[in-house]
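Asks: As given, the protein sequences belong to chains Z and X, one line each in that order. According to the working numbering, the first sequence is numbered sequentially starting from 1. According to the working numbering, the second sequence is numbered sequentially starting from 1.
Don't take every hint at face value.
[What the hints assert, rightly or not] Taking lysine-lysine and the DSS-like style, the derived pairs with C-alpha atoms no more than 27 angstroms apart in a straight line are:
1) Z:Lys22 <-> Z:Lys9
2) X:Lys42 <-> Z:Lys18
3) Z:Lys41 <-> X:Lys42
4) X:Lys112 <-> Z:Lys22
5) Z:Lys41 <-> X:Lys112
Since the hints were derived computationally from the structure, they do not count as laboratory data.
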Amino acid sequence: DTEVTQTPKHLVMGMTNKKSLKCEQHMGHRAMYWYKQKAKKPPELMFVYSYEKLSINESVPSRFSPECPNSSLLNLHLHALQPEDSALYLCASSQDPSVDEQYFGPGTRLTVT
Amino acid sequence: GESVGLHLPTLSVQEGDNSIINCAYSNSASDYFIWYKQESGKGPQFIIDIRSNMDKRQGQRVTVLLNKTVKHLSLQIAATQPGDSAVYFCAENGSSNTGKLIFGQGTTLQVKP
Numbered sequence: 001d002t003e004v005t006q007t008p009k010h011l012v013m014g015m016t017n018k019k020s021l022k023c024e025q026h027m028g029h030r031a032m033y034w035y036k037q038k039a040k041k042p043p044e045l046m047f048v049y050s051y052e053k054l055s056i057n058e059s060v061p062s063r064f065s066p067e068c069p070n071s072s073l074l075n076l077h078l079h080a081l082q083p084e085d086s087a088l089y090l091c092a093s094s095q096d097p098s099v100d101e102q103y104f105g106p107g108t109r110l111t112v113t
Numbered sequence: 001g002e003s004v005g006l007h008l009p010t011l012s013v014q015e016g017d018n019s020i021i022n023c024a025y026s027n028s029a030s031d032y033f034i035w036y037k038q039e040s041g042k043g044p045q046f047i048i049d050i051r052s053n054m055d056k057r058q059g060q061r062v063t064v065l066l067n068k069t070v071k072h073l074s075l076q077i078a079a080t081q082p083g084d085s086a087v088y089f090c091a092e093n094g095s096s097n098t099g100k101l102i103f104g105q106g107t108t109l110q111v112k113p
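With the rest of the complex left out, here is chain Z:
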């Protein structure tokens, strides 16, 4: 299994809602990542988890809260988002942070109204 899965595929939420994005991989990878991608732009790194511990937070606002319940799962909890947070949210994984090849999921298309 060489796949990273993400749910939901699409999400529309209001600015007062609380929602969560989910990511799963069964490749035995020990590093997992959240990226944000705006239209016609490259992915921007948000968070890196290494062996289930948060290792990088790229100064992301606290309305985004990551969680890594176990080595296969990665969540992104969303609360009080702004319309400018609308984007494609991508999850990726790699064998570990020192192994550079990252495998991406299909993303969650988030719209904040």
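Chain Z is fixed; fit chain X onto it per the hints.
Replies: Below, chain X without anything else, positioned relative to chain Z:
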């Protein structure tokens, strides 16, 4: 600062021709480079990678060339097909070993039938 850039935002080629997508990087300490293909509505898909101890690497219909002297990376696609139409991103690791990839701005490849 660190940056990875692509020379052309859009490249249009005829089906069957060879395509060359270019990328310039600025961090001479980067020792790993990777090309991703992103089709509309999908996550980035790994194409090919190369380490700094090599200057050429070939895959199926794709070749990556690395010129460390001028900090230039290119992706060559042989016999371009309509299914190759996508946005192509190069990325470098900045020699960080933290899992952080620095992406270029992307080149859109359009294949004309």
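Asks: Each of the hints needs a verdict: does it hold here or not?
Replies: So, going through the hints one by one against the coordinates:
For a cut-off of 27 angstroms, the pair hint linking Z:Lys22 to Z:Lys9 stands: about 10 angstroms separates their Cα positions. For the suggested pair X:Lys42 and Z:Lys18, the alpha carbons sit about 25 angstroms apart, so the restraint of at most 27 angstroms is met. With a C-alpha separation of about 14 angstroms, the suggested pairing of Z:Lys41 with X:Lys42 holds against the 27 angstroms cut-off. With a CA separation close to 38 angstroms, the supplied pair X:Lys112 and Z:Lys22 exceeds the 27 angstroms bound.
For a cut-off of 27 angstroms, the pair hint linking Z:Lys41 to X:Lys112 stands: about 23 angstroms separates their Cα positions.
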